[in-house]
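S.K.: Below, each chain spelled out in residue letters.
Protein chains: 2
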Amino acid sequence: MVAYKRHVDVETISDLTIARLSIYLRCVERLLDIGVETVSSQDLAQRFNLNSAQIRKDLAYFGEFGVRGVGYNVAELRQYVIEILGLDHEHRILIVGAGNLGTALCHYSGFSGDNFLVVGVLDSDPSKIGVATPAGLLVEDAARLAEIAEQRNAEIGVITTPAASAQPVCDQMVSAGLRAILNFAPIQVKASDDVLVKTVDLKIHLEELSFYLSNSEVE
Amino acid sequence: MVAYKRHVDVETISDLTIARLSIYLRCVERLLDIGVETVSSQDLAQRFNLNSAQIRKDLAYFGEFGVRGVGYNVAELRQYVIEILGLDHEHRILIVGAGNLGTALCHYSGFSGDNFLVVGVLDSDPSKIGVATPAGLLVEDAARLAEIAEQRNAEIGVITTPAASAQPVCDQMVSAGLRAILNFAPIQVKASDDVLVKTVDLKIHLEELSFYLSNSEVE
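As they're listed, the protein sequences go chains V and Z. In terms of my numbering, the first sequence opens at residue 136 and continues consecutively. In terms of my numbering, the second sequence opens at residue 136 and continues consecutively.
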């Protein structure tokens, strides 16, 4: 059975641990797809190029799980990670900034999937308001952020505005009661301590490729 | 002076180490902005909520650096990380898939910045070919991928097509001689061993927010 410490002290769990749990979830889902029922941390590590000690340590943060010498029941492990990550219920998202990136995220796989739902895309540009996105949402007036957030029970704000608008939009999201913010604008934004803000910097992925290119010359 | 082992065995360096080097680079650039000239690993860790032992370990992969008891010269540390990451020269990028995400990436900060340059955005949809992106690039015919990649010395391919086209586009990128591929399509793609493929899953960031929301209830 699945039993773990709910409401762990989030301060003690690093972002990297959480990112790894997301990766474990994807691995476990692939195992289920191919009919694997039981897996040890060593198996899991070997199949997906992970570290078995790290897997055991990461999962142990959340309580006892798995049977020594036998491993994890794959379906239970999936459910376990889903519950840790809070993916057992839907999270509603408001996107502010209906440019290309905001529009892309409206119908990005996963942003409107099983566990997440984009409930609105907002912009302050009158020429964008009222226009339908490919996902079928109509762009709404960013001035209505607070009202829309409350009406639709939004929890998560996504900022896809230009850099100059990111902090004012973040402030409005906090006032509107959004509790977690994903910022794609190329600038750091700040919120009160009870709101989690993550800035996504897609350039990091290019830098990883650059490292590879520079350290494995074939010429 | 900066001196480190060039062409380290990339297999021994984890993706997470590389991602952390990107983070160190951003931290060091902020220190330079505010006029800090010397920093110890402890300082760096404390200012940016990092782990000082991890910093020393990550940098040590690439040779001796820093003076014990004194720390790092910030400008040298910046240059050191830039060289490790291969950001001391330009990398040219071809984007295939001129939908909203591909179009957004054409002018995304960093994708056409100091070290990276988007040299083309391609699509197979005749209604998109010839259309100008907000970044000023004209969308070109994806059938010309090999020719364009060679003419413009592209090294990196970015896939922003729907899932069904991702593997064929990846195959064409490999044939065209691109050596590193960033895949945004929601599907795993495979390439020969001498080509690095990274799939970016933006949902991971939402899952991190979900974890936070589920483990720090304020109701």
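Calculated from the structure, these hints are not laboratory results. Fair warning: this is a prediction, and the values are worked out from it, not measured in the lab. Hints may contain errors.
[Stated by the list, open to error] A few chain V residues that don't get close to chain Z, going by computed Cβ distances all over 10 Å: (1) Ala154; (2) Arg191; (3) Ala195; (4) Ser244; (5) Gly248; (6) Asn250; (7) Asp260; (8) Ala267; (9) Leu272; (10) Leu273; (11) Glu275; (12) Ile283; (13) Arg287; (14) Pro303; (15) Leu331; (16) Asn350.
[As the list claims (entries may be wrong)] Some residues of chain V that are not near chain Z, with every Cβ distance over 10 Å (derived): (17) Thr173; (18) Lys192; (19) Val209; (20) Ile228; (21) Lys333; (22) His340; (23) Leu344.
[Unchecked claim] Restricting the straight-line Cα-Cα distance to at most 25 Å, the calculated cross-link-like pairs of lysine to aspartate or glutamate (DMTMM-like) are: (24) V:Lys338 <-> Z:Glu285; (25) V:Lys333 <-> V:Asp150; (26) V:Lys192 <-> V:Glu211; (27) Z:Lys338 <-> Z:Asp150; (28) V:Lys338 <-> Z:Glu164; (29) Z:Lys192 <-> V:Asp336; (30) Z:Lys325 <-> Z:Asp276; (31) V:Lys325 <-> Z:Glu290; (32) Z:Lys333 <-> Z:Glu218; (33) V:Lys325 <-> V:Asp249; (34) V:Lys192 <-> Z:Asp150; (35) Z:Lys192 <-> Z:Glu211; (36) V:Lys338 <-> Z:Glu225; (37) V:Lys333 <-> V:Asp178; (38) Z:Lys333 <-> V:Asp306; (39) Z:Lys263 <-> Z:Glu290; (40) Z:Lys333 <-> V:Asp249.
From the three backbone atoms N, C-alpha and C, an ideal C-beta is built for every residue, glycine too.
S.K.: Work down the list of hints and note, for each, if the structure agrees.
M.R.: Hints, verified against the model:
no.: 1; hint: Ala154; result: 6 Å, violated
no.: 2; hint: Arg191; result: 17 Å, holds
no.: 3; hint: Ala195; result: 16 Å, holds
no.: 4; hint: Ser244; result: 4 Å, violated
no.: 5; hint: Gly248; result: 7 Å, violated
no.: 6; hint: Asn250; result: 7 Å, violated
no.: 7; hint: Asp260; result: 13 Å, holds
no.: 8; hint: Ala267; result: 13 Å, holds
no.: 9; hint: Leu272; result: 13 Å, holds
no.: 10; hint: Leu273; result: 16 Å, holds
no.: 11; hint: Glu275; result: 18 Å, holds
no.: 12; hint: Ile283; result: 19 Å, holds
no.: 13; hint: Arg287; result: 16 Å, holds
no.: 14; hint: Pro303; result: 18 Å, holds
no.: 15; hint: Leu331; result: 4 Å, violated
no.: 16; hint: Asn350; result: 5 Å, violated
no.: 17; hint: Thr173; result: 23 Å, holds
no.: 18; hint: Lys192; result: 14 Å, holds
no.: 19; hint: Val209; result: 19 Å, holds
no.: 20; hint: Ile228; result: 8 Å, violated
no.: 21; hint: Lys333; result: 6 Å, violated
no.: 22; hint: His340; result: 5 Å, violated
no.: 23; hint: Leu344; result: 4 Å, violated
no.: 24; hint: V:Lys338 <-> Z:Glu285; result: 24 Å, holds
no.: 25; hint: V:Lys333 <-> V:Asp150; result: 10 Å, holds
no.: 26; hint: V:Lys192 <-> V:Glu211; result: 18 Å, holds
no.: 27; hint: Z:Lys338 <-> Z:Asp150; result: 18 Å, holds
no.: 28; hint: V:Lys338 <-> Z:Glu164; result: 15 Å, holds
no.: 29; hint: Z:Lys192 <-> V:Asp336; result: 24 Å, holds
no.: 30; hint: Z:Lys325 <-> Z:Asp276; result: 23 Å, holds
no.: 31; hint: V:Lys325 <-> Z:Glu290; result: 36 Å, violated
no.: 32; hint: Z:Lys333 <-> Z:Glu218; result: 21 Å, holds
no.: 33; hint: V:Lys325 <-> V:Asp249; result: 29 Å, violated
no.: 34; hint: V:Lys192 <-> Z:Asp150; result: 19 Å, holds
no.: 35; hint: Z:Lys192 <-> Z:Glu211; result: 18 Å, holds
no.: 36; hint: V:Lys338 <-> Z:Glu225; result: 13 Å, holds
no.: 37; hint: V:Lys333 <-> V:Asp178; result: 32 Å, violated
no.: 38; hint: Z:Lys333 <-> V:Asp306; result: 34 Å, violated
no.: 39; hint: Z:Lys263 <-> Z:Glu290; result: 24 Å, holds
no.: 40; hint: Z:Lys333 <-> V:Asp249; result: 24 Å, holds
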